[in-house]
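Please take these sequences and the hints and turn them into a complete structure.
Keeping their order, the protein sequence lines are chains D and W.
Note that our numbering has the first sequence beginning at 39, numbered continuously upward.
Note that our numbering has the second sequence beginning at 543, numbered continuously upward.
Don't read these hints as lab results, they were simulated from the structure.
Note that this is a predicted model, so its numbers are computed, not measured.
Treat the hints with caution; some may be incorrect.
Said to hold, decoys possible - Calculated from the model, a selection of chain W residues having no Cβ within reach of chain D, i.e. all distances over 10 Å:
# : residue
1 : 588
2 : 655
3 : 791
As the list claims (entries may be wrong) - Covered stretches of chain W, as calculated for chain D (at least 3 residues, CB under 8 Å):
# : segment
4 : 723-734
5 : 759-772
From the three backbone atoms N, C-alpha and C, an ideal C-beta is built for every residue, glycine too.
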Amino acid sequence: MNKFVLDLNKFFIPLKDEIYCIIKLRDFPHYSPGSDIDIFCYDIDKFAQNILRLGKQYVYEGFEITSHRLHNGKQIHIDFLCNGKIEFRFDLYANLPHYNNVRIKESYFESVIENRISKEISSEECTYCIFIPSEVDDLIIRYVEYVEWFSQVPDKVGHVEYIMSRPGIMHGEIPFIDKLHHYIALPECPDNDEPVKVMKRPSKPIINKKYFYNFPRRGYLIIRNITRHFLKRISSYI
Amino acid sequence: MINNYFLERMRYDYFLIWGHGLEYRDAIFDLIREDNRLSIIMILYHRPHSITDLVDAIYSYDYAPYEHLLDKTNYLLNTPSEVIFIFVKNHYPQVDLFGNGSFRHVESLTIKTLKETIRNRYNPRYNGKRTEDHIIHASDSEKQTHHILKYLGYEKGILLFKEYDRMLNTPYYMPICNHISLLNVRVDTLLCNTARGDRYNYKIQTIPLKESPQYKGLSVNIKIYEEYINRFIGGPLTEDYSMKRFLDLAEKLDYLGLTYEDKYIITTPASPSAHLIIDGLHRASVLAFKKVENIIIAEIGN
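Take a look at the structure:
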């Protein structure tokens with residue numbers, strides 16, 4: 039058995055009274071080396087302090103733990119490194135991450151935390167709860183992931199398939215659309231884009247009397263040219 | 543008379559021992575330490591250019607009328623031109639209104655009672671009675687503490703104490719750390735800074751941990767440590783150091799255990815194989831004295 043393996047249960051059992059929400063829960067408490075866990079929390083410093091306190095035992099086992107503050111202290115990475123490579127990362131957020139392709143109200147951060155639900159996890163020691171987004175917020179977060187990343191990571195379309203597969207999504211039984219529309223808007227146009235040219239209503243009718251009277255001749259000419267072009271194309275295949 | 547008794551959040555205050563009270567310094571420190579509503583966070587010796595300027599600075603934010611202050615502070619002009627500032631964290635201010643008429647003002651009852659206790663014990667006496675030639679002054683409000691810090695050259699004022707790294711619980715003199723690594727290192731790779739000279743004229747020298755006065759105080763003679771503290775407290779050493787506290791630490795330290803859970807020894811890289819202690823020299827000395835070979839440190843960088 040690889041000794042350089044973190045037991046994520048040991049981190050979250052003592053944190054049962056903390057206010058947090060694990061955003062992307064894949065195969066918890068299992069993880070693959072190099073993966074991370076995204077956590078929204080109100081008190082990012084205290085949460086990081088808890089992670090360091092609970093994780094320091096791994097330093098004796100050969101891990102190195104590093105912590106980096108980003109974005110004026112609004113995001114903290116806590117990395118557990120093994121032989122210089124990241125074994126696992128806790129990615130803590132004190133506010134919403136920045137998105138380029140979608141605009142989200144900042145208050146959505148609190149909404150996710152306040153509407154979190156608990157999920158029971160069984161470990162060797164005990165059964166305990168972790169906190170994850172509600173079903174609606176899980177769908178919104180997947181949607182945002184898709185919009186933000188699908189052009190670079192085509193696999194993100196899986197999020198859309200997941201959303202569409204939820205029972206009741208199409209009939210409004212899950213208030214996904216309502217909450218999405220409340221918190222999300224289209225991104226602003228960058229300043230260097232040219233304004234979209236709006237077609238003006240023509241001042242004169244497109245077909246005027248002169249055109250109308252000439253239509254039979256013009257129409258004949260158009261049809262003749264199209265027919266000639268079509269026959270030419272067909273002849274190349276015969 | 544006490545009216546409108548109400549509680550306030552934790553705040554920062556200061557005591558000032560005037561020149562004629564310096565001989566009672568250690569006793570006053572002990573009285574403040576015994577009051578569990580207060581924690582000493584910074585001690586500063588100060589030699590003002592003129593005692594008049596200092597008195598003006600101290601009392602410029604005072605509540606009392608100017609004429610009263612002139613009488614009150616006349617005696618100070620004949621005291622030695624050396625004072626000690628003791629900045630404290632006031633966990634339980636008990637702010638209330640005191641005095642009458644033009645002397646009515648807001649003050650912390652916690653600070654007031656301790657100040658009166660110290661004055662009753664150590665103010666000069668005349669015919670067996672306590673005089674009003676006070677040996678100690680204290681702040682009435684956090685605003686006064688902020689003002690005095692700026693007067694002493696700390697541009698941030700009260701923010702000096704309020705801005706600290708909450709993840710590592712660093713002391714006030716350390717900035718917020720953007721990069722931290724928890725490492726398991728050998729104790730003999732630890733270096734520390736030590737002062738040479740005297741309180742007002744000193745140089746800082748980097749030496750191995752086991753050559754520090756702290757380690758030698760435990761391994762050779764505690765008087766080495768005591769003499770070092772007495773020489774430099776209030777100068778390069780601004781925290782609340784005392785022999786008794788150090789010996790208590792040596793007896794009870796459970797590094798990163800229950801009472802020291804998040805109190806890492808904080809270092810910066812001195813070389814690829816050495817670590818300079820920024821905070822935690824006393825704890826490191828105790829661990830080295832106890833023959834601990836490896837310890838976890840928090841190494842910081844920006």
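Hints and how they fare:
no. : hint    : in the structure
1   : 588     : holds, 34 Å
2   : 655     : holds, 34 Å
3   : 791     : holds, 20 Å
4   : 723-734 : holds (count 4)
5   : 759-772 : violated (count 0)
Checked against the numbered hints above, the structure breaks only hint 5 and satisfies the rest.
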